[in-house]
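Residues per chain are reported as follows:
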Amino acid sequence: MQTINIQTNQRIDIVDITAQIEAIVNEANTSSGVITVYVPHTTCGIMINEGADPDVVRDIKYQLENLVPYQKGYKHLEGNADSHIKTCLVGSSDTIIINNGKLVLGTWQSIFLCDFDGPRVRKVHVKVTG
Amino acid sequence: MQTINIQTNQRIDIVDITAQIEAIVNEANTSSGVITVYVPHTTCGIMINEGADPDVVRDIKYQLENLVPYQKGYKHLEGNADSHIKTCLVGSSDTIIINNGKLVLGTWQSIFLCDFDGPRVRKVHVKVTG
Amino acid sequence: MQTINIQTNQRIDIVDITAQIEAIVNEANTSSGVITVYVPHTTCGIMINEGADPDVVRDIKYQLENLVPYQKGYKHLEGNADSHIKTCLVGSSDTIIINNGKLVLGTWQSIFLCDFDGPRVRKVHVKVTG
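Protein chains in written order, with the numbering used here: chain G, 1 to 130; chain X, 1001 to 1130; chain D, 2001 to 2130.
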């Protein structure tokens, strides 16, 4: 297992981590398998989506905020109930295929760490299995 | 593959199954790999989120109910269309990393079975791959 | 890794691909492991849900459309911002267990490709790991 640290910069910050994941796959010398990308925080998710146009990430943030508003009479007293609920919708991990030693992403796909309760330094765990 | 049985107690019941998953990992004698936690029911999901403060789970239930109300003119006639839609949002499985023979959960993370059409006895399938 | 091609027929089309995934598992001669089903498009998801009553899929489409309307003042200019957001909610992959050489689905579970920006020919990548 390897762990990378990511600095986020806003309360809700969606950060492209594709380059870091690709570097780990390239060093792993695994020709065929899968990689699990896992975030060990309860207010962060891992998402695969378009990385080319930053408006896509902006729209995702905007609509997640519409679906799960920051303040809404939640019971959890730490002021980040919405962050936990957004994490539930996005999910804590993703699995991506490795083929011929390369991460198999679609043309427009990037891998994102979604911090819903930043800014902080967040960990992402990565494990290659073959 | 191993299967555990979980009794749920309400129509929407989110049950912490971390101890059962950890026990399977501890018995598996796999030093390094991943574990797939999979629910074979179409009205249940697997979620990773905070287990320390029960208000987090309460807020998740509350907001899922706001997003996907129980009754809403759905077409499916069994009265559990909302349960299927909630399952679509939460997802049917999660993958967690095993490192040094231990399940790698974050400090605040627990693994939950989400029953959206209980109460029932539900199965959860678990598979370690390394 | 194997890749299957799926023709979708509507802008939002949820297509049962269970038979294709089962065929790959049956040919794989892997008695025990998992299969990763992964869609390399940023406007498609992979979902596990009920395949018996087509009204379940209709209700899922209907409620996803309620949660993430087609047009809503999004910033992304290609007219498919909603498709990217729906993909974020449904997820780009699923992992299913293989036991005794068979795909372990629940009685009512099917595997679906969800195209949120069709109609098109879409790829689904599949990888067995043991």
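For the record, the hints were derived by calculation from the structure and aren't laboratory data. A hint or two may mislead.
What the hints assert, rightly or not - In silico lysine-lysine, DSS-like type, Cα no more than 30 Å apart, as pairs:
| id | chain 1 | residue 1 | chain 2 | residue 2 |
| --- | --- | --- | --- | --- |
| 1 | G | Lys72 | X | Lys1061 |
| 2 | G | Lys61 | X | Lys1061 |
| 3 | D | Lys2102 | G | Lys72 |
| 4 | G | Lys102 | X | Lys1102 |
| 5 | D | Lys2123 | G | Lys61 |
| 6 | X | Lys1072 | D | Lys2072 |
| 7 | G | Lys61 | X | Lys1072 |
| 8 | D | Lys2072 | D | Lys2123 |
| 9 | D | Lys2123 | G | Lys102 |
| 10 | D | Lys2072 | G | Lys61 |
| 11 | G | Lys61 | D | Lys2075 |
| 12 | D | Lys2072 | X | Lys1075 |
| 13 | G | Lys72 | X | Lys1102 |
| 14 | D | Lys2061 | X | Lys1123 |
| 15 | D | Lys2072 | D | Lys2061 |
| 16 | D | Lys2123 | D | Lys2061 |
| 17 | X | Lys1123 | G | Lys61 |
| 18 | D | Lys2061 | G | Lys72 |
| 19 | G | Lys123 | X | Lys1061 |
| 20 | X | Lys1075 | D | Lys2061 |
| 21 | D | Lys2075 | G | Lys72 |
| 22 | D | Lys2075 | D | Lys2061 |
| 23 | X | Lys1102 | D | Lys2102 |
| 24 | X | Lys1072 | X | Lys1061 |
| 25 | X | Lys1075 | X | Lys1123 |
| 26 | X | Lys1061 | D | Lys2123 |
| 27 | X | Lys1123 | D | Lys2102 |
| 28 | G | Lys72 | G | Lys102 |
| 29 | X | Lys1123 | X | Lys1061 |
| 30 | D | Lys2061 | X | Lys1072 |
Here is what the structure says about each hint:
no.: 1; hint: Lys72(G) - Lys1061(X); verdict: holds (14 Å)
no.: 2; hint: Lys61(G) - Lys1061(X); verdict: holds (21 Å)
no.: 3; hint: Lys2102(D) - Lys72(G); verdict: violated (46 Å)
no.: 4; hint: Lys102(G) - Lys1102(X); verdict: holds (28 Å)
no.: 5; hint: Lys2123(D) - Lys61(G); verdict: holds (27 Å)
no.: 6; hint: Lys1072(X) - Lys2072(D); verdict: holds (22 Å)
no.: 7; hint: Lys61(G) - Lys1072(X); verdict: holds (26 Å)
no.: 8; hint: Lys2072(D) - Lys2123(D); verdict: holds (28 Å)
no.: 9; hint: Lys2123(D) - Lys102(G); verdict: holds (18 Å)
no.: 10; hint: Lys2072(D) - Lys61(G); verdict: holds (14 Å)
no.: 11; hint: Lys61(G) - Lys2075(D); verdict: holds (11 Å)
no.: 12; hint: Lys2072(D) - Lys1075(X); verdict: holds (25 Å)
no.: 13; hint: Lys72(G) - Lys1102(X); verdict: violated (37 Å)
no.: 14; hint: Lys2061(D) - Lys1123(X); verdict: holds (27 Å)
no.: 15; hint: Lys2072(D) - Lys2061(D); verdict: holds (17 Å)
no.: 16; hint: Lys2123(D) - Lys2061(D); verdict: holds (21 Å)
no.: 17; hint: Lys1123(X) - Lys61(G); verdict: violated (35 Å)
no.: 18; hint: Lys2061(D) - Lys72(G); verdict: holds (26 Å)
no.: 19; hint: Lys123(G) - Lys1061(X); verdict: holds (27 Å)
no.: 20; hint: Lys1075(X) - Lys2061(D); verdict: holds (11 Å)
no.: 21; hint: Lys2075(D) - Lys72(G); verdict: holds (25 Å)
no.: 22; hint: Lys2075(D) - Lys2061(D); verdict: holds (23 Å)
no.: 23; hint: Lys1102(X) - Lys2102(D); verdict: holds (28 Å)
no.: 24; hint: Lys1072(X) - Lys1061(X); verdict: holds (17 Å)
no.: 25; hint: Lys1075(X) - Lys1123(X); verdict: holds (27 Å)
no.: 26; hint: Lys1061(X) - Lys2123(D); verdict: violated (35 Å)
no.: 27; hint: Lys1123(X) - Lys2102(D); verdict: holds (18 Å)
no.: 28; hint: Lys72(G) - Lys102(G); verdict: violated (44 Å)
no.: 29; hint: Lys1123(X) - Lys1061(X); verdict: holds (21 Å)
no.: 30; hint: Lys2061(D) - Lys1072(X); verdict: holds (14 Å)
Figure legend: structure checked against the earlier numbered hints; hints not met, in rising order: 3, 13, 17, 26, 28.
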